[in-house]
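K.L.:
Residues per chain, in single letters:
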Amino acid sequence: MAQYLILIYEDEATLHGPDEEGFEQHLDAHRAFRTDNAAVLRGSNALEPADTATSIRKDPSGGFAVTDAPFAETKEALAGYVLVETENLDEAIAVAKRLPVVSGGVEVRPVRVFG
Amino acid sequence: MRRAGVAADPSVAAAVADAHRNEWAFVFAATVRLTRDLDLAEECVQDAYAKALTAWASGGIPEKPGAWLTTVARRRAVDLIRREATLRRSLPLLLEDADELGRVPDGTDQPEDASHGIGDDRLRLIFTCCHPALSSEARVALTLRLVCGLSTAEVARAFLVSQPTMTARITRAKKKIAAARIPYRVPPADELPERTEAVLDVVNLLFTTGHTAPAGDELVRRDLVERALDLARMLRALLPKDAEVAELLALVLLTDARRNSRVDAEGRLVLLADQDRELWDREAIEEGTELVREALRWRPPGRFALMAAIAAVHAEAPTFEETDWAEIVGLYDLLVEAWPSPVVALNRAVAVGFAAGPAAGLVALAPLSAEPRLAGYGYLAAARADFLRQLGRADEARTQYEEALLLTENAPEREFLTTRLQQLGQ
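Chains as they are written, first to last, in our numbering: chain R, 1 to 115; chain S, 1001 to 1426.
You may find that some hints are simply not true.
As the list claims (entries may be wrong) - Short derived list, chain S residues pointing at chain R, Cβ under 8 Å:
| no. | residue |
| --- | --- |
| 1 | Ser1135 |
| 2 | Ala1138 |
| 3 | Ala1168 |
| 4 | Ile1170 |
| 5 | Arg1172 |
| 6 | Lys1176 |
| 7 | Ala1180 |
| 8 | Ile1182 |
| 9 | Pro1183 |
Said to hold, decoys possible - Simulated crosslink set (EDC-like; lysine to aspartate or glutamate; CA at most 20 Å straight-line):
| no. | chain 1 | residue 1 | chain 2 | residue 2 |
| --- | --- | --- | --- | --- |
| 10 | S | Lys1175 | R | Glu12 |
| 11 | R | Lys58 | S | Glu1194 |
| 12 | R | Lys97 | S | Glu1194 |
| 13 | R | Lys75 | R | Glu107 |
| 14 | S | Lys1175 | R | Glu87 |
It is worth saying that the hints were derived from the structure and are not from the lab.
All residues carry an ideal CB built from backbone N, CA and C; glycine is no exception.
Let the sequences and hints guide you as you build the complete structure.
P.N.:
If you want it as structure tokens, here you go:
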């Protein structure tokens, strides 16, 4: 057996657009997907929109550059993920800074919570 | 909104305006701690200021306007929270320190009367607005809106963007604070220096934007300069042991002390060499100089201390000719080391020109031509133009003045450069 991370890409303008009914149907479809595939699922989440993301890169002076944006460097590709549970963004950033990174950086994105 | 529809009694209107300028951050920060929702707090605080106009007209101006406004704003918040309790459960609320979590607001939760508790609230607000996970633009906008209490329209005007653009920027930043769970708190000691630096950057950016407006009819944007000064003073009161805070306040005071001499009666730009030093604000200079002296004793001087020290040397010179240029060049040498920025290098080269003559100035400027970050920076061409003019190299000076003109949208600066061009003749 092996583990795979399946990444979902969506047009946020449509996904978070005014069509609330459509969004509810979409959520239902996800719920159904989770039920049907429960045997192989190891975890899944929706993320808050990309504009809530914070990116962290090592800067040349040895410190960290924290920026208000998704990680969007074209020469780097998504290489892994870590799911953490912390009290607030500062603590998540502190963990992110401890992650070993060769040349790229990391993006911290809040996992979406549905009321 | 708050200034329109002012009550008939001008003293009440003035008292409300004063309370707005001086107490907004205090009232808002204390209200946010209760609502844990920036929008709701804004609504309640605005409502309290509106109520003050009528209540103070009939009942008199309270002895402690800030406390009065806080009580009214928080009472309103408690009402709204009770009414909308169900709706609130689905909203992401601001996170406070662990011991504040889970407490239900019941109205008895008064903001602490002791000054330290109150101070913490304002600091919480400032550190939240200037969190590094927000973009630089968002930090400045949020600080003006939430800490200084400017309306969104005023913030939009300050940064020459449309109101819908600014509304979207502020809304997005608030949403990020809630959704990403940026905590509403003063950072712990180990993060404090770095986080304070981010706050000071915001204040400094605000000040420099106001000191010489990038565009517009006026050289100085008084509104922005005064807000920056208010913020620097507030930080100084809240973080009295922070050397960098003292240094930034000194820099703002010493630089702004020259405000009244920087333009003439017609709004035309007056160079430092030609300024009437009688118009300089001696009180601000004295306060700023004292702060720099104090800050320089604490530790190796940082960038704000060095810039403030340079401003202090100018302030001490009775005339332009008597300026201690060698001292200024020496301070710039330290500054270039502490803060290697091309703009600092440019200012250093200009000081070299005053210390050792225009030819030496040109030599000092030469390596900066290759600096890509100065490519769109009009002051490099303007400095070159001035040295060339003094050396009698009119044709070369003309080309440089023309380049400088292409790079500024500030009306008094444009007029100054145009006049210089005309004086060069054909």
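K.L.:
Compare the structure with the hints numbered earlier in the document and write down the numbers of the violated ones, lowest to highest.
P.N.:
As far as the earlier hints go, 3, 4 are violated by this structure, in ascending order.
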